[in-house]
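S.K.: Each chain is listed here by its residues.
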Amino acid sequence: MSRIQEAFANGKAFIPFITCGDPDLKTTAEVVRACAENGADLIELGIPFSDPTAEGPVIQGANLRALTGGVTTDQIFALVRDLRRDVTVPMVFMTYANVVFSYGAERFISACREIGIDGLILPDLPYEEKEEFLPVCRRYGVDLISLIAPTSQNRIAMIAKEAEGFIYVVSSLGVTGTRSEIKTDLASIVEVIRANANVPCAIGFGISTPEQAKKMAGIADGAIVGSAIIKLLERYGTEAAEHVGDYVRSMKDAVRSCGGI
Amino acid sequence: MTNPNGRFGIHGGQYIPETLMNAVIELEAAYNHYKDDPEFNRELTELFNEYAGRPSRLYFAEKMTNDLGGAKIYLKREDLNHTGAHKINNVLGQALLAKKMGKTRLIAETGAGQHGVATATAAALMGMECVVFMGEEDTKRQALNVYRMRLLGAEVVPVKTGTATLKDAVSEAMREWTSRIDDTHYCLGSVMGPHPFPTIVRDFQAVISKEIKAQLKEKEGRLPDVVMACVGGGSNAIGSFYHFIGDPGVRLIGCEAAGRGIDTFETAATINTGRLGIFHGMKSYFCQDEYGQIAPVYSISAGLDYPGIGPEHAHLHDIGRAEYVPVTDDEAVCAFEYLARTEGIIPAIESAHAVAHTMKIAPEMARDQIIVITISGRGDKDCAAIARYRGEDIHE
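Going down the list, the protein sequences come from chains A and B.
Note that our numbering has the first sequence beginning at 33, numbered continuously upward.
Note that our numbering has the second sequence beginning at 26, numbered continuously upward.
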């Protein structure tokens with residue numbers, strides 16, 4: 033069992049997303065610790081990219097603030113190395129293929145292993161292109177996370193069969209961002225995933241309230257929240273850690289009660 | 026040239042969100058079905074000939090030839106097409122394909138506005154809804170084209186993210202496509218993006234080289250020595266090169282926008298200054314920093330102001346079949362003015378990059394040699410900007 037699967041051992045999982053360096057790396061470190069202390073089961077760390085094509089305006093803004101602040105991949109590696117002295121929660125990187133490719137797949141993924149990153153989420157790397165990084169990920173024991181979308185249909189079983197770590201179920205069409213309503217028939221998608229996968233699945237895109245998180249965790253094994261947390265960072269800046277901590281606790285409380293796996 | 030998985034050598038591929046995968050798979054299946062369908066090709070040829078005004082002329086630029094004193098120069102007049110650029114070739118093909126697929130809405134990105142205007146035109150003709158994404162910076166540089174698109178019934182969405190230019194318009198069009206796939210076709214304007222777009226767009230633009238080959242054979246009884254075209258994403262260039270790729274005696278030269286020079290940061294010359302990367306659905310060469318952040322490129326030409334290049338060009342560069350040369354703003358503006366004065370033809374500032382490089386090499390070539398330059402579009406849209414570049418304060 034990889035460390036990622038331990039994230040799903042405490043009831044339904046709550047997975048927060050943070051863009052590293054928004055607004056600076058010191059705040060990122062405080063926010064990560066606040067998430068871990070308040071019940072986050074797995075933490076997604078975004079490495080900012082200049083052109084995040086899968087993100088809505090909120091996370092685009094976070095990417096821009098971080099890059100404007102001058103954050104680099106090497107600085108983020110140093111941040112994680114430092115966090116790993118006391119943070120034991122599983123952590124994955126979320127970034128775009130070019131950030132890994134241009135750094136050098138071998139160099140990037142071996143660094144993930146060395147600093148204690150458990151997985152990699154690349155929204156612009158579909159099943160058809162996963163050979164780009166999968167062999168290197170396997171060599172270093174870093175899970176390459178698969179995404180399944182509302183439009184995946186006949187592809188769900190194929191993707192689920194080979195999935196590692198956990199499966200990221202995209203709740204809605206479009207880009208990341210909070211939504212008042214999620215209309216996709218997620219239950220039938222999760223049913224096909226469960227019939228084919230050996231790993232848990234968590235739902236992301238559009239979740240912001242405890243009620244939504246509870247509903248999603250009722251369908252799947254966990255809920256992922258990005259934009260709602262980024263909005264707290266946008267609002268509170270370097271003072272955001274406490275607010276994010278409170279938010280994470282309320283969300284974990286909401287999903288925890290959805291019953292075991 | 027395309028492998029089954031959409032690779033050109035190591036370039037190309039499908040680096041896109043899972044949400045779009047079934048859409049591109051559906052598009053590929055539809056394209057493979059219709060590309061050899063006689064009825065589809067009859068309809069497309071009729072649109073090309075009766076609506077867009079094809080075949081476009083291959084014009085012997087006698088004054089320019091005599092003035093430069095070297096190779097014979099022919100101009101492939103894509104500027105004479107309906108809507109004033111080569112973009113209409115691809116758009117008519119994709120719009121017809123989208124219609125056959127049952128799509129009712131076209132979305133597109135545009136830089137200079139030529140592809141946006143062409144898409145709005147095809148949408149009007151075929152009774153489809155149309156939304157065009159355009160960098161806010163470009164909506165200012167090309168205000169007249171924004172009006173043309175609106176006049177044609179399209180909605181123009183100014184994109185404010187990033188550098189507010191062509192790359193951001195592509196990103197925003199991709200985002201829009203992930204949110205609405207069922208009724209919407211993304212009419213991508215260049216030989217870029219995920220497979221099958223680089224192949225589809227090339228095939229619809231290949232009519233350019235097919236015509237050049239036949240027209241030059243009729244006029245000169247032989248192949249050209251050089252085919253010259255400007256390259257941003259590279260659709261008019263690949264269209265001009267395609268039917269000559271198998272003729273090793275024909276030099277293929279793509280002219281990149283060097284902006285203020287390839288030794289400055291204000292450049293868009295991808296092959297000359299970029300390196301291998303993955304962006305906008307494809308593996309190819311991109312202008313980027315050491316951490317893979319896409320660089321804010323610059324060119325006076327909004328249509329060439331893109332940090333990447335189509336994967337087939339990247340491959341032609343790798344195997345040495347085509348050459349990619351940088352041309353600065355200043356050289357392009359001089360060529361813009363030169364062609365206007367010498368031949369009475371105002372080329373698009375994009376196409377002026379190809380004219381500029383011809384002015385460098387033609388005098389060194391023999392008088393019995395032949396250069397064909399693709400004039401990809403007309404320059405009316407650029408007049409105000411070039412006047413401003415020369416210090417004249419005029420507004421459209």
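What the hints contain is simulated information worked out from the structure, not anything from laboratory work.
Please note that the accuracy of each hint is not assured.
Unchecked claim - Result set (DSBU-like, lysine-lysine): computed pairs, CA atoms no more than 30 Å apart in a straight line:
1. B:K124 to B:K244
2. B:K125 to A:K215
3. A:K215 to A:K263
4. B:K185 to A:K263
5. A:K215 to B:K124
6. A:K215 to A:K193
7. B:K125 to B:K244
8. B:K238 to B:K385
9. A:K193 to A:K162
Stated by the list, open to error - Facing chain B, a subset of chain A residues (Cβ under 7 Å, in silico):
10. Q92
11. G102
12. T105
13. Q107
14. P155
15. D156
16. E194
17. G206
18. T210
19. S212
All values derive from a computational prediction rather than experimental measurement.
Note that CB positions come from ideal geometry on N, CA and C, so glycine has one too.
S.K.: Going back to the hint list, which numbers does this structure go against?
M.R.: 1, 7, 11, 13, 16, 18, 19
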